[in-house]
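A.B. asks: The listed protein sequences correspond, in order, to chains A and B. Okay, so the first sequence: first residue is 1 according to my numbering, each after it adds one. Okay, so the second sequence: first residue is 1001 according to my numbering, each after it adds one.
It should be emphasised that the hints constitute simulated quantities derived from the structure, not laboratory data. Where hints are given, some of them may not hold.
Claimed, not checked - Calculated Cβ distances over 10 Å to all of chain B for the following chain A residues:
#, residue
1, 6
2, 15
3, 29
4, 30
5, 33
6, 43
7, 51
8, 55
9, 67
10, 71
11, 72
12, 132
13, 157
14, 163
15, 174
Unchecked claim - Some but not every residue of chain B turned toward chain A, in silico, with C-beta under 10 Å:
#, residue
16, 1060
17, 1224
18, 1228
The structure presented is a predicted model; accordingly, all values stated were derived computationally and were not measured. Don't be surprised by glycine CBs; every beta carbon is placed ideally from N, CA and C.
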Amino acid sequence: MHDRTDAELLAAVADGDRDALEQLHDRHVVWVRLRLSRRCSDVDVVNEALQDTFVAVWRGAAKWNGTGEPAAWIWGIAIRRLLGVLRGRSRWGRDRTYQDLSHDVVTTAEDVVVMGVEHGDLAGALRSLSPELRAVVQATVLDGLTTREAGDLLGIPAGTVKTRMMRARIELRGALA
Amino acid sequence: MTDTTWHAPADLIERYAANPSWVDDARAASLEAHLVGCSTCREALDEVVGPDLARASWSGLIDVIDQPPTRSLEWLLRRFRVPETWSRLLGATPGLMFAWFAAVAAVVGFVVVLSAAADATAGFLVTAPLVPLILVAGVFAPVSDPAGEAGIATPLHGFGLVARRAVIVEVSAFALLALANVALGELGAPVAAWVLPSLALSVSVVALSTWVAPEVAATVIAGAWLSGVVLVWWEGGRLVLAKSATFETPGQVLWIVLLVLSAVLVVTRRERFATMEVFA
Chain A
1 MHDRTDAELL AAVADGDRDA LEQLHDRHVV WVRLRLSRRC SDVDVVNEAL
51 QDTFVAVWRG AAKWNGTGEP AAWIWGIAIR RLLGVLRGRS RWGRDRTYQD
101 LSHDVVTTAE DVVVMGVEHG DLAGALRSLS PELRAVVQAT VLDGLTTREA
151 GDLLGIPAGT VKTRMMRARI ELRGALA
Chain B
1001 MTDTTWHAPA DLIERYAANP SWVDDARAAS LEAHLVGCST CREALDEVVG
1051 PDLARASWSG LIDVIDQPPT RSLEWLLRRF RVPETWSRLL GATPGLMFAW
1101 FAAVAAVVGF VVVLSAAADA TAGFLVTAPL VPLILVAGVF APVSDPAGEA
1151 GIATPLHGFG LVARRAVIVE VSAFALLALA NVALGELGAP VAAWVLPSLA
1201 LSVSVVALST WVAPEVAATV IAGAWLSGVV LVWWEGGRLV LAKSATFETP
1251 GQVLWIVLLV LSAVLVVTRR ERFATMEVFA
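Next up, chain A with everything else stripped away, as it sits in the complex (with noise of 0.2 Å):
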C-alpha cells in the first residue's frame, strides 16, 4: 500500500478519517511552526496558532477545493491563524504584534560570501529595503495576505500597504537594474 498523497490525506481527512489527520499533522506541523515562529517571536501565541490551524483543519478539509498544493492552502489557514490570535490578544491590551520579529539574524562573513554568489543581488536588495518595506513585502507576496489582512497584520492601513509595496517594487527594480 502506497504512501498517501497529501491530496489523498485531506480528502480522507474531510471524510472523519483521524489516522490521516494525524499523518497529514506529522508531515506539516514543524514547517508550519517554524514558519510561523519566524513571523512571531512570542511562543505562547504561535503554539496557540499552530493548534488552531490544525484544529480548522480537521473541521474544514471539505472546504479545500481541491486545486493547488495541500500545504499552501494549510499556510493559508495558519497564517490568518496567527493575525487572529495576535489581534485577540492586542484587542486586551497585550501588545504583540508582527513586527516583534527576533532580531537575531546572524550573519557570519561566511553567509554574506555564500549568498553573494547563490543569490547575486537579490538579497542585497532585499536587505536594502528599509524594515517597513520588507514587512509590507514579506506579508503580501510571500504570505499571501491581501492588502488589509497585512494591513491588520502591521498595524497599518490597507491604503498605506499599497504605497509601501509600490515604492518596494520600484528599489527593488532600482537595485537589481
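The hints should help you fit chain B onto chain A, whose structure is shown.
C.D. replies: Chain B in isolation, oriented as in the chain A frame:
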C-alpha cells in the same frame, strides 16, 4: 521553466531548524516558498528537528478534537467569557433551541421584574431589542475559537456568509419575539413598535463590528439603548411609556434613519468581514 531538481542545502535546513530567525530574510523566504511544494525538503527538515515537536503537538491536538462538540448554549456563554468549567456544565443540555428559549425567558423575566416598577408594555419594549442585538453579535465566533472559519473563508465569501447567518439569526429572533409578544397578552401600546428599534439596533451592531470587536459593539449599543431609555423614560422612579416618542411616529422615523445608515455602513465596509471569523 523551473528547475525541479533544486533542493535546499543541508546547512540552510539545519540553520533554519535551529532558529528560523537566524536565517536572513531572502534565504528564509526562498526556503519557505520551496517547502510549500517539496515534500523531500520537508522530510529533511523533520529529520533535523526530530519527532518531539510533532508528538507534543499531536497530543495537545487530540485533546481538543476529541472533546464533544460545543453546544450552542455553551458557545453563547463562552462568547461572554464565562469560564469553561461552568460553560461546559451548563452547555451539556442539547440543542440550539435551548439558547433561543433562554433569550426569550430572559425577556419575559425582565418584563416580570419591570412590571413591578412600571408597566409590562414598557418592560417588553425596552428588552425586546436586546434579544436580536445580542444574538447577532453571536454570529461572530470569538477570536480564539477554533470552530471559526477564518482560514477557510475567502474574501469573496466573507460578507455573504455573515449576511446569510445574520439574517437567519434576525428572522428567528423576531419570530420568537412576536410569539412572546402575543403570549404576554394585552400590551396596549403599538406592540410592533419594537420591530424597527430592534432591527435598527442589531444592524448597527453589525456595522459597529467593522470597527471594534463584536462583543464590544454589542455591549456599547446595548448600553446606549438602555441608558437612553432610562434617560428618556424614567420619571418618579418608574418607566413611563407615555413619555416615549421613541415608539411613536417621530421616533420611528429616527429608527428608520439609523437602520438605513447602518445598512449603508455594513455594505460599504463589507470587505472587513472577510478577515473576521464566523461561527461555523
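A.B. asks: Of all the hints numbered above, which does this structure not satisfy? Sort the numbers upward.
C.D. replies: Numbers 1, 3, 4, 5, 7, 8, 10, 11, 17, 18 - these are the hints that the structure violates, sorted from lowest upward.
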